[in-house]
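Number of protein chains: 2
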Amino acid sequence: MAKHVYFFGGGKAEGRGDQKDLLGGKGAGLAEMSRAGLPVPAGFTITVDSCDEYYKNGKKISPALRKEVEAHLKRLEKLTGKRLGDPQDPLLVSVRSGAANSMPGMMETILNLGLNDESVEGLAAKTNNPRFAYDGYRRFIQMYSTTAMGLSKEPMEEMLHALKHKLGVKTDPEIPAPELKKLCADFKEFYKRNQGSPFPQNPIEQMWGAIEAVWRSWTADKAVTYRKVEKLTGLKGTGVNVMQMVFGNKGDTSGTGVCFTRDPNTGVDEFYGDYLSNAQGEDVVAGIRTPVKLTEMEKVNKPAYVQLCEIRKRLEKHYKDMQDLEFTVEEGKLYMLQTRRGKRTPAATFRIAVELVKEKLITKEEAVSRITPEDIERLFYPQIDPSLKKEQLAAAKIAEGINAVPGAAGGKVIFEAGRAEAAAKAGDPVLLVRKETSPEDVGGMAVAKGILTATGGKTSHAAVVARGWGKCCIVGCEELNIDYGKRQMSVDGKVVKEGDFLTLDGNTGSVYTGRLPLKDPTLPKEYHELMSWADQIRTIKVRTNADTPADSKKAIEMGAEGIGLCRTEHMFFETEARRLAIQEMIVANDEGQRRKALEKLLPFQRDDFAGIFKAMDGKPVTIRLIDPPLHEFTPKDDEGVNRLSKATGMDEATIRHRVEQLHEANPMLGHRGCRLCITYPEILEMQVRAIIEAACACQKQKVKALPEIMIPLTMDRKELAILVERVHAVAAQAQASSGEKVKYMVGTMIEIPRAALTADRIAEVAEFFSFGTNDLTQMTMGLSRDDAGRFLPDYVDEKKAAVFKVDPFQALDVEGVGQLVEMGIERGRSTRPGLKVGICGEHGGEQNSVKFCVRAGMDYVSCSPYRVPIARLAAAQAAIEDGKKGGGVRTGKATARKSATARSGRSATRRAAPATRKKKPAKKAKKIGKKKR
Amino acid sequence: MAKHVYFFGGGKAEGRGDQKDLLGGKGAGLAEMSRAGLPVPAGFTITVDSCDEYYKNGKKISPALRKEVEAHLKRLEKLTGKRLGDPQDPLLVSVRSGAANSMPGMMETILNLGLNDESVEGLAAKTNNPRFAYDGYRRFIQMYSTTAMGLSKEPMEEMLHALKHKLGVKTDPEIPAPELKKLCADFKEFYKRNQGSPFPQNPIEQMWGAIEAVWRSWTADKAVTYRKVEKLTGLKGTGVNVMQMVFGNKGDTSGTGVCFTRDPNTGVDEFYGDYLSNAQGEDVVAGIRTPVKLTEMEKVNKPAYVQLCEIRKRLEKHYKDMQDLEFTVEEGKLYMLQTRRGKRTPAATFRIAVELVKEKLITKEEAVSRITPEDIERLFYPQIDPSLKKEQLAAAKIAEGINAVPGAAGGKVIFEAGRAEAAAKAGDPVLLVRKETSPEDVGGMAVAKGILTATGGKTSHAAVVARGWGKCCIVGCEELNIDYGKRQMSVDGKVVKEGDFLTLDGNTGSVYTGRLPLKDPTLPKEYHELMSWADQIRTIKVRTNADTPADSKKAIEMGAEGIGLCRTEHMFFETEARRLAIQEMIVANDEGQRRKALEKLLPFQRDDFAGIFKAMDGKPVTIRLIDPPLHEFTPKDDEGVNRLSKATGMDEATIRHRVEQLHEANPMLGHRGCRLCITYPEILEMQVRAIIEAACACQKQKVKALPEIMIPLTMDRKELAILVERVHAVAAQAQASSGEKVKYMVGTMIEIPRAALTADRIAEVAEFFSFGTNDLTQMTMGLSRDDAGRFLPDYVDEKKAAVFKVDPFQALDVEGVGQLVEMGIERGRSTRPGLKVGICGEHGGEQNSVKFCVRAGMDYVSCSPYRVPIARLAAAQAAIEDGKKGGGVRTGKATARKSATARSGRSATRRAAPATRKKKPAKKAKKIGKKKR
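Chains as they are written, first to last, in this note's numbering: chain X, 594 to 1526; chain P, 594 to 1526.
Just so you know, the hints here were simulated from the structure itself, not pulled from any lab data.
One copy or two, it doesn't matter: identical chains are merged, so the pair holds either way.
Lysine-lysine pairs mimicking DSS-like chemistry, simulated, CA-CA at most 27 Å apart:
(1) 1311 - 815
(2) 1311 - 821
(3) 1311 - 652
Extracted from the complex, chain X is given alone in its bound form:
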């Protein structure tokens, strides 16, 4: 049997910091700190695999594991010289979860384990502090009852509250020991009543109960939801850390803290965190008491603070990243309880990464690799319009809290997570407002635009979770007087009801009534610096999907190197005149009438194209000819029919009849795309004329235009050949009459499976391919994106069918659709070696899909303007990853063409087919690359 338990303590550890997958993040951190000689309480980590085996074993503990754990407990007892449950001087331990990825607050922890009716007396005697001992015992009974045994939290909280009320005290430490002892008895009585058996006095039984509680918390709803929201997949379970207790609640020389080695909001290289005197760690994390700034610790506990500052430097150097630390000071002595990569705001992410490069702790490639798409997305979160006058702001302001996560957000106030989810589903912008948040609230937090809590500090649950998501968050806004029952709150006499609109400024902590205008933020200079490194590293181009000159300009700002998809049909909706002209074209009775209507559209399209060419000066612009089925343009109501009738002189009945005629059973697979141009060549003629005339006009004005005319929905070589020929004929005519000669290309989308399958023949007549992976996904998987909402969630849900890890419309289905993409490229280039290939589906802005595109040998990806930086980043990361594997950053593209699907993980998830188990020389393998599975 593999080793399941790893010991640490006494300056040594069996595990290592790089064993996160085995020990979980916390266990690995504890091992690493122990090895580094930092003051870490001794203990042992039960591996992640043991959790997996527990579930596989029908939630039973195997005898072998039981033996191994209990042997390590003996070892811990020997090292500490104390014994669990010892009536004189008991060893107390904490039992904590710790998965490979941090899931703050999601998983269970049980403290002070080892106390029972006997040992609590021993502890009281030994510490000469009965209040401390009984406070620990009552905390343990509470945690064990609720966490391990699943009893409801409220009754015991209520009993504690009632006791304080009776005694007339405000805080826990004011409760005298005898009262606490009585409370413990009441708690045990409560336990027995509800559980049907007395509270366990055997510490070994307690320990196993706690370990199982940690394991069970892995599959609790909130944890599953969190992993779904965070897209954490492939985890096998959580590690369990059993560790000697140290106490921050032993008076004023004790305390506990949570801190970051740099400011997680700005990234500034300053020590940052919270400290709470005379408290256990849970008090800080839960945000129940408001802690002081870490720097204040220097005043109350200088030696420990100085030691902590040294440790801060050592850990950063060791981990080469900003760390999130937990520590406890027990009667002046510092203990490190945790180190892990610290969550941070996007701005801080960029600043820290760039500064670590300048400090020569990491390379540029490492810096680029550390940025996530979410970091970039969140950088662009809005802020309150800086042009607003101070008086305006002052008038709207109703409260101020702690600015936990920057950014700004406006929305309707909702006081409960479930209702927040419902409101968001209905399309409302939501602000979740709570006294404090707890892991049960993550669903509501995920959908909220911003989060506001009345209590808690910057390391409270709300702050930590929101920061991870880059979501505007204000905590500790103590002025708020929230009444959950009435669904309202009062602030300084003003009443805010559920549904009222507020605006939060996460940068300042200010809360405003009403809807303040928001604006895009100024990007930190480190963003531009890091992205320039990414641009140097990446091997493929990044274009954008843009339909207007304004979008085009925005995209260039975002770093786009051309337009990969300009949808011409959106232009038809822009004005009433255009809408009527396209509608007239559609309802036309014959080609003559259709051409007349198209003539009206021509100048609009020509102007639009000219505007786009100007905006993209010199950069290629891929223009897709009309794509959607015509019925998408037809009037939808009586008024529309009436207007069209007036504009065209056609009677309403005829128009209605024509609209009905256009109805399709499956429009996705219907009369659309280039099929329209096969039936109505005059549409193609108008569009091509507009494109070429615009290009000629630009050229006359010394504006370089590089149109790439793209034919959508091609399924066959001959179909495309007919249309390409028409394009050239019209283009020749348009050039002849303008007297200009312009460069242009004609290519096709590959979005029908058959097009990918016959790409070798299609490439004979196409100068470029652009993979339309939205449609390709729909057809390859037989999934209508409009309808999949009905069942696809079940297919992605971890607890239901879990067929797919992620929605294939969000991230390209490499295993299936990816095969067709690779096939299309390989076959296309087999007949046209220089074939230019790109992607213009929404996958072109999704990290893993972009990496796949790089590996499949594409020349560019194209995505919406705001996704352009993500695509730039992902393309660089793919180059870095392949460079690492293949040798040399810049060789990624060449080596990658062989089997992008294999690298994108398909080989890992599927069994090799027998045919490829035999070894083949590399050259042959390349040729049959698409079969490598």
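Put chain P on the given structure of chain X with help from the hints.
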């Protein structure tokens, strides 16, 4: 330059009978008969390629061709000792078309060419028969003017008619020579007036005009339509035959005839045909005069008749098939003008094929290869219910004509081809009734259930075309008095208006008023004999698609060896009780209500399955679980909602809301197939329980049941794995409670491209694959079958885009969809070598698709009961074809697996991709079989 002209005559020929593609059918036949020493007038054939070149050359004659043709004309003049246009004794020639495939009446012919104002006098003097000479000249002017120059036919016919009226004569031969001479002058005047130049007197100019006319007739609408209807593709053009004229109109010792070497209606080995004394061939073919039976010829022209009978035997032996002959007797001397494979009825096809085998002229394999799917289809055409009493028939009978093509048909009388097409499109059964038909009518003939003409014999245009199609046809029904203007006809005083219903009996020639009941025919014994040969030859099984015990029984009669597709959902519609139960299941609010409704359906389904198992005793039955989206079952109108409300107690608004909820944008790609069973496992559970319980019940009654449970619309291995596991769980339960143990399999449809692409993984959990090529075609090509009617016709139309040769929903798209089928099979068998594979789309009953399936290595095809014989035939033909190529009839399957697409013609139609141009050892080629393009 390649040889373009092939000479024949004097017992020799440059061409051969097997050069149909080069010389056309007529040219090859003339060459072969010349070589065989039969009496054939001398002449030469201009190759089919020359026609192609004429079009490629912009409808211009190349100087080289001009030279070559004129050199052969000189050779003809030398051989015959006569000169074209000679004023004393002119050579006259006919110019006739002849493509590789016979297109009766579609293409042009010009006779008597070489006559002009001078040579006509020479002919008159030489033959001492001015009437004959001038009759020939007027025929030539007429034909040349209309055929070569495109003048309208009617004016000259009218002039001829007026002349006869003036002279008070009825037939052409009664017109005296001087009147004919005057008529010629009038014709020439008419020509000059309309054409702007005098009628050409230069015979060489005449000849080229006639040759060009033949070439132009190749692309005339009627010819294009005919090729489309007959699915004649890949032809390059028509040959042109220039041949010395012989005259059947030189008095009573002359005559002309058309005949078949066996009876084309029954296949009986009897000489069969028509003879017309003192006439030119065109008179017989056009059906203008009614000829006598061929056997009557013995009386008027015995020596020629005896010689013809000898030639009949020789040609049949030579060609090993029944021949269609044309001949002319000129003053007692027999000339053969044509021999070609004779068209015949389906019954005759089988009888002739079987008898030729017994005569040892052909092998069984040859006999099987000669049968077409249409031959089989038409065998099953109905006849008038034989149980009708004689009196009933006599009362309904209104006329009797010549029984040209057997079978029976009822429909609405339509007098014009265009209107017949419109009526057929509107869904009406149509009978096309004409005085005579001409090539312009083929569109209307194609859509008609039956054809009835007032004139013409069994070899008239109507009879020949209808026979080719196996379409009921009565000709020469002289009692009909048709008035096209009034759109009605009178028969023996009764008036039949357009739209009235008639019934035709093509077996007897009887015409009945009203709608007589029709019945399936008795199959000829030769059908069963030949099909038994096909069954011995074929290498794969043929199953059927059947949903009821009745269908199952029918299918077994048709030769089915199991059920390949039993659609369970059709059962839900059968009775009101079932409909309500399925609707209740769909509108159910929760699983409980859904299960309750499903409980009601269970006994229905169980009974149905038991019935089918009994009908198929011992043969495998593939049962597909529910497939269509649920909204297909919901009530469609207020009444339906009301009934459902009453049956379920749910209020109507709730039902309506649920129905609306089920609406989908693209139901084809929506919530259907196995996706329903992922969402609602209870549906699967009910269906599997019904299947297994039925199988157990059958087994108890000693009826062997072999259910194969088929899961539709699978797209992923895990999805299928979840469902397969459920099937087994339910099956185990059902068996346990019945105490029986039944054999069953669980497999899947492969109908989503992704399923084919990931077939290796899917095969890990599927015991069999069945390709649903209807859906696979829809998704692979992005074509909704429901909507494609809007544009797909353009894609198949030879004159429009002509992207596809045939509708991909009729014949499998081998180039695209075929790749996925091959990939699916290859990959599926890579993980499960014994994987059973079949097809159950409608392609399973289409000849070329079945051949593809054989070559792709399928174990069976499945199709509707009436297509079963076609599938049996096609499977045998594929084995024969591959046996011929690969050596040995029975080795077809093994060798075919490598590249069915290549054999099915893809390699012929597409360029080889560069990667495969290099030679590879056979073994490797097999491994990358799917890349062989």
